[in-house]
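Q: This note's numbering puts the first residue of the sequence shown at 191, with every later residue one more than the last.
None of these hints come from the bench; they were simulated from the model.
Where hints are given, some of them may not hold.
16 Å max Cα-Cα, derived EDC-like pairs, lysine to aspartate or glutamate [said to hold, decoys possible]: (1) K207 x E221; (2) K194 x D229; (3) K299 x D229; (4) K257 x E281; (5) K285 x E212.
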Amino acid sequence: MVRKYAGMPIRFYQGSKVLVSENNLTATTKEVAAATNIDRAMLLGAQALANAYGQKAGGHFNMVEKKTDMDNRTEIAISWINGLKKIRFPEKSGKMQDHGVIAVDTAVKL
């Protein structure tokens, strides 16, 4: 499914600092100043992002109920630990490869 993003565009203004690929095996980046205004379009596949859950003990989520206000009210707190990470795999040559991501940067006139 492809759909137009209805929120704020991903935009880098002229002179702002952007990370640019060094085009090497380890996919390192360097910070440079944008020479013009840039809009970024992203196409993300279904498996482009990994979501992992952790736990202190027991299940992935924790819930605590406590009586407050002289036992007239109950406060409930829910917590969890999770993390998101873009999926990347090394090729046989050692070059890092993004999985399921296409980014297109375009110079724009505002």
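Q: Compare the structure with each hint and give your call.
A: Hints and how they fare:
{"no.": "1", "hint": "K207 x E221", "in the structure": "holds, 6 Å"}
{"no.": "2", "hint": "K194 x D229", "in the structure": "holds, 14 Å"}
{"no.": "3", "hint": "K299 x D229", "in the structure": "holds, 10 Å"}
{"no.": "4", "hint": "K257 x E281", "in the structure": "violated, 55 Å"}
{"no.": "5", "hint": "K285 x E212", "in the structure": "holds, 12 Å"}
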